[in-house]
Every structure is written in structure tokens, then in C-alpha cells.
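Given the structure of chain A, go ahead and fit chain B onto it with the hints provided.
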Amino acid sequence: KNQVEQSPQSLIILEGKNCTLQCNYTVSPFSNLRWYKQDTGRGPVSLTIMTFSENTKSNGRYTATLDADTKQSSLHITASQLSDSASYICVVTLFSGGYNKLIFGAGTRLAVHP
Amino acid sequence: GAGVSQSPSNKVTEKGKDVELRCDPISGHTALYWYRQRLGQGLEFLIYFQGNSAPDKSGLPSDRFSAERTGESVSTLTIQRTQQEDSAVYLCASSLEHLGNTIYFGEGSWLTVV
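Top to bottom, those sequences are chains A and B.
Under our numbering, the very last position in the first sequence is 114; numbers go up by exactly one each time.
Under our numbering, the very last position in the second sequence is 114; numbers go up by exactly one each time.
So that you can see chain A by itself, here it is in the shape it has in the complex (with noise of 0.2 Å):
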């Protein structure tokens, strides 16, 4: 079956300190993996894409990895700031059939504490 899990749920850190999110997929054909940053109320945003060929991929204080092997991604958020207090989507692109499909991660709720 093909899935995205998150973890973790949530998470709490202070302003300042980094963090790491994590993603595991047990989809395939695997054709690529997007982080997106979704704020309370509001559609979610592109952080990166990354195709199984990529090992890393960077967005200012944003970086993203992925282990095509063990089907694995990581968010890394450095110096975090207050505005990164949000939901954190893992999204998994397969290309089945003819269509893309897009299986969501169930996010991670950051919130970051002054």
C-alpha cells in the first residue's frame, strides 16, 4: 500500500534551535518527494522537490535529504524563527496509470517558542 508516514506528530523548540523532521514512503513507483510548509488557515507552500537522484536539496534555512534506498527524507530547519511555527507536509509523487498521484504525509506540527 502506498503511504507516507510523518514523525514526529508534533513538536515544540525554542526559537533559535534547529530541528529535524522526518518522513518515511512505502510508495511506488517512487517519482519524486516535496516538503511543503503549511500555516494555520492557510494552502500550503513549495519548500523543495527532490527526484530519487538527489541526495540533498536546500531552501535558505531549509534543508531536505533523502535515502531513496530506505525510503527515508529528513526537513532540517537551522536557526529556527518564530514564522517557521507551522505544519510541515511530506508529499510523495507516483506515477501510476497514466496520472500523477500525490500521496500526503499526515504533517508534523512544529511550533516554535520564543
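Hint data in this document are derived by calculation from the structure and do not stem from the laboratory.
What you are looking at is a predicted structure, and each value in this text was computed from that prediction instead of being measured.
Just so it is clear, CB atoms sit at the ideal spot from N, CA and C, and this is done for glycine as well.
Mixed in with the good hints, there may be bad ones.
Derived CB-CB ranges, DEER-like [claimed, not checked]: (1) A:Thr51 / B:Thr13: 39 to 47 Å; (2) B:Ser62 / A:Gln9: 22 to 30 Å; (3) B:Ala2 / A:Ala79: 25 to 33 Å.
No more than 30 Å apart at the CA atoms, straight line, and that leaves these computed lysine-lysine pairs for BS3-like [stated by the list, open to error]: (4) A:Lys17 / A:Lys71; (5) A:Lys71 / B:Lys57; (6) A:Lys101 / B:Lys57; (7) B:Lys11 / A:Lys101; (8) A:Lys1 / B:Lys57; (9) A:Lys57 / A:Lys71; (10) B:Lys57 / B:Lys15; (11) A:Lys101 / A:Lys57; (12) A:Lys17 / A:Lys101; (13) A:Lys17 / A:Lys57.
Just chain B now, kept in the frame of chain A:
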């Protein structure tokens, strides 16, 4: 337009009424997606349009849900005989045809069925 536009942004309707939600994708985007997100939950896939191909309707939860798209432009999601469990935010997203392109989300239409 500059981004994916959805309307209405908020809708309160009585149980049993029909509602229509509209999505204007980014100009030139051939792929369009509809998702549902209940409060505090992850995104649920509803339907996917890709150019002139037959849409992937595999995520529609019941025959009360339907969606149309006119060419490569506006899409309308219709929910007939609304139920309280339909209360959610309905998110529309669009992207260029290529598999690896960024998928841009709208801000969503918040539906409350009372």
C-alpha cells in the same frame, strides 16, 4: 493571475443544500488538483485533471461530489445535498504538466455545513 485563486473563501450552508466551489489555476497550468482537509487532519485527494485527459476521480468520497474543468482553465467542485461531515477546507492546486514541477496551492475554500 499570480497564484491559484479560489472562491468563495468561506461558505456556510445548511445541511441538504448544494454548494459550488471555484478554482482559477495559474495561467498555463495544465494539471489541476482538488483536495479536502478536515480540521487538524491531512490532505485527502479528491480529483485530478490533466489537460484533455480523462480526470482521475478516484478520490471522490461519494456520488454527491463532482467536479468539472473547462479546458485548461477554471474548475468547479460541486457538493450536492451537503452533510455536516462535508465541513472542511477544500484546496485547489495547479502545476505545469511536467511531473517534477512545483504544485501551487490556493488558500482554500472553508466550508461549514450547519
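Evaluation of the provided hints:
1. A:Thr51 / B:Thr13: 39 to 47 Å: holds (42 Å)
2. B:Ser62 / A:Gln9: 22 to 30 Å: holds (29 Å)
3. B:Ala2 / A:Ala79: 25 to 33 Å: holds (30 Å)
4. A:Lys17 / A:Lys71: holds (27 Å)
5. A:Lys71 / B:Lys57: Given pair Lys71 (chain A), Lys57 (chain B) holds - Cα atoms ~28 Å apart, limit 30 Å.
6. A:Lys101 / B:Lys57: holds (11 Å)
7. B:Lys11 / A:Lys101: Holds, at about 28 Å.
8. A:Lys1 / B:Lys57: Status holds; Cα separation ~19 Å.
9. A:Lys57 / A:Lys71: Distance ~16 Å between Lys57 (chain A) and Lys71 (chain A) Cα, so the pair holds.
10. B:Lys57 / B:Lys15: holds (24 Å)
11. A:Lys101 / A:Lys57: It holds: about 22 Å lies between the C-alpha atoms, which stays within 30 Å.
12. A:Lys17 / A:Lys101: Status violated; Cα separation ~35 Å.
13. A:Lys17 / A:Lys57: Given pair Lys17 (chain A), Lys57 (chain A) holds - Cα atoms ~20 Å apart, limit 30 Å.
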